[in-house]
Amino acid sequence: MAMSAATEDATLSAAPQTDAGSQEELRQARFDVARLRLALRKLTHEADGVEALDGTTEPVVDDAVEFDLAAARELLASSLSQRLDARRAELAADLEAARAEAARLVESAHRRAAEYVAGAHDDVFGAVFHPDQPLGPLPALPLEVVADPGGPSPSEGTPAGEPTLLAPSQGGAIGFEAMVAVMQAFLTQAAVAGPAPAAPVAVVRRPRRPLRTRVLHADVILPLIAVAAVLVILIAWVG
Amino acid sequence: VLTAYNELAVMEREHGLAIESCRSDARDEAARILEAAREQAAALHARATELADSSGLDLEPDRSVE
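Line by line, the protein sequences give chains A and B. Quick note: the first sequence uses our numbering, first residue 308, plus one each step. Quick note: the second sequence uses our numbering, first residue 3, plus one each step.
These are computed hints drawn from the structure, not numbers from a lab. In this text, all values refer to a predicted model and were calculated from it rather than measured experimentally. Where a beta carbon is used, it is the ideal one built from N, C-alpha and C, also for glycine. Among the hints, erroneous ones may be present.
[What the hints assert, rightly or not] One side of the interface only, derived from the structure: several residues of chain A facing chain B at Cβ under 8 Å:
#1 Val357
#2 Arg395
#3 Ala420
[Said to hold, decoys possible] For each label pair, taking beta carbons as the anchor points, the in silico distance ranges come out as:
#4 Ser23(B) / Glu397(A): 53 to 63 Å
#5 Val12(B) / Pro449(A): 34 to 44 Å
#6 Ser26(B) / Thr351(A): 55 to 65 Å
#7 Ala38(B) / Gln389(A): 43 to 53 Å
#8 Ala20(B) / Glu358(A): 55 to 65 Å
#9 Val534(A) / Ala48(B): 52 to 62 Å
#10 Leu376(A) / Val12(B): 27 to 37 Å
[Said to hold, decoys possible] Derived list of chain A stretches under chain B, where covered just means 3 residues or more per stretch with a C-beta under 8 Å from a C-beta of chain B:
#11 378-390
#12 397-406
#13 427-437
Could you build the full structure based on these sequences and the hints that come with them?
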């Protein structure tokens with residue numbers, strides 16, 4: 308048996324070590340061979356003991372202790388290698404999760420920064436175009452960021468129905484320069500026209516008044532009354 | 003066994019350092035981004051107030067009242 312095992316070892320050792328997959332298969336094969344070899348030795352010992360008790364044969368002196376030690380060493384090395392590989396894979400997965408969390412943290416910071424700058428733009432535009440809306444102080448921006456679990460993707464913008472003058476993605480230096488240019492043009496017009504802005508440049512959505520209110524307005528009802536009076540006079544004069 | 007134990011200890015220590023470095027870098031980057039946004043918004047406010055003052059407009063009536 309020792310000779311056959313040695314032959315197996317020589318065969319496995321001489322196997323071409325091409326790549327990592329072959330290495331893993333070779334190590335697994337050695338592990339299996341060592342485990343089977345130990346199991347075989349254990350059964351052989353038990354069989355020898357039974358035969359010695361029956362008196363059929365003489366007790367066999369174990370002449371393969373060194374071989375058993377080598378097999379046990381091989382088994383232990385294979386087991387430790389497998390445990391190390393498994394732990395290495397666990398740590399790699401853990402590191403990958405930490406990197407994903409860090410990426411979410413930075414992405415959340417980018418989103419909050421864009422929202423903050425866009426809010427500042429809105430405040431300035433509101434103060435410029437609406438005199439009744441003063442420019443308040445800047446709100447505090449906490450520098451501590453907590454990553455949103457499974458937050459929205461960067462492609463998602465501001466929610467619909469909430470028009471912003473500058474998109475958050477334009478909140479960089481280019482957006483700032485564009486903002487200053489628009490303000491300079493507006494303020495130049497305002498300075499030429501007078502202290503109070505004549506008409507807001509920004510698009511203002513005014514609610515439409517009902518038809519009855521619009522008809523009863525003095526600008527509409529007075530010309531209608533005048534036309535009716537002229538018609539009555541003409542009819543009376545013709546008649 | 004000792005070799006494997008030592009290798010495992012080195013692996014765990016390097017893993018802990020890598021995790022901490024990754025988190026620290028992310029925190030620093032997030033703080034830098036937010037600080038830049040705060041500075042940009044402050045510059046925008048200052049520039050708007052400056053332009054308004056030079057044009058005779060008052061964007062902060064509360065401040066003028068005070």
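Hints, verified against the model:
1. Val357: Violated. Min distance 34 Å.
2. Arg395: With a minimum Cβ separation of about 6 Å from chain B (threshold 8 Å), the hint on Arg395(A) holds.
3. Ala420: Status holds, d = 3 Å.
4. Ser23(B) / Glu397(A): 53 to 63 Å: Violated, since Ser23(B) and Glu397(A) (Cβ atoms, about 19 Å apart) do not stay within the stated range.
5. Val12(B) / Pro449(A): 34 to 44 Å: 39 Å, holds
6. Ser26(B) / Thr351(A): 55 to 65 Å: 59 Å, holds
7. Ala38(B) / Gln389(A): 43 to 53 Å: 49 Å, holds
8. Ala20(B) / Glu358(A): 55 to 65 Å: 59 Å, holds
9. Val534(A) / Ala48(B): 52 to 62 Å: 57 Å, holds
10. Leu376(A) / Val12(B): 27 to 37 Å: 28 Å, holds
11. 378-390: Since three or more residues must qualify, the claim that chain B covers the region 378-390 of chain A holds, with 4 doing so at under 8 Å.
12. 397-406: Holds, because 5 residues of the region 397-406 of chain A bring their Cβ atoms closer than 8 Å to Cβ atoms of chain B.
13. 427-437: Answer holds; 6 residues pass the 8 Å Cβ test.
Of the numbered hints listed earlier, those contradicted by the structure are 1 and 4.
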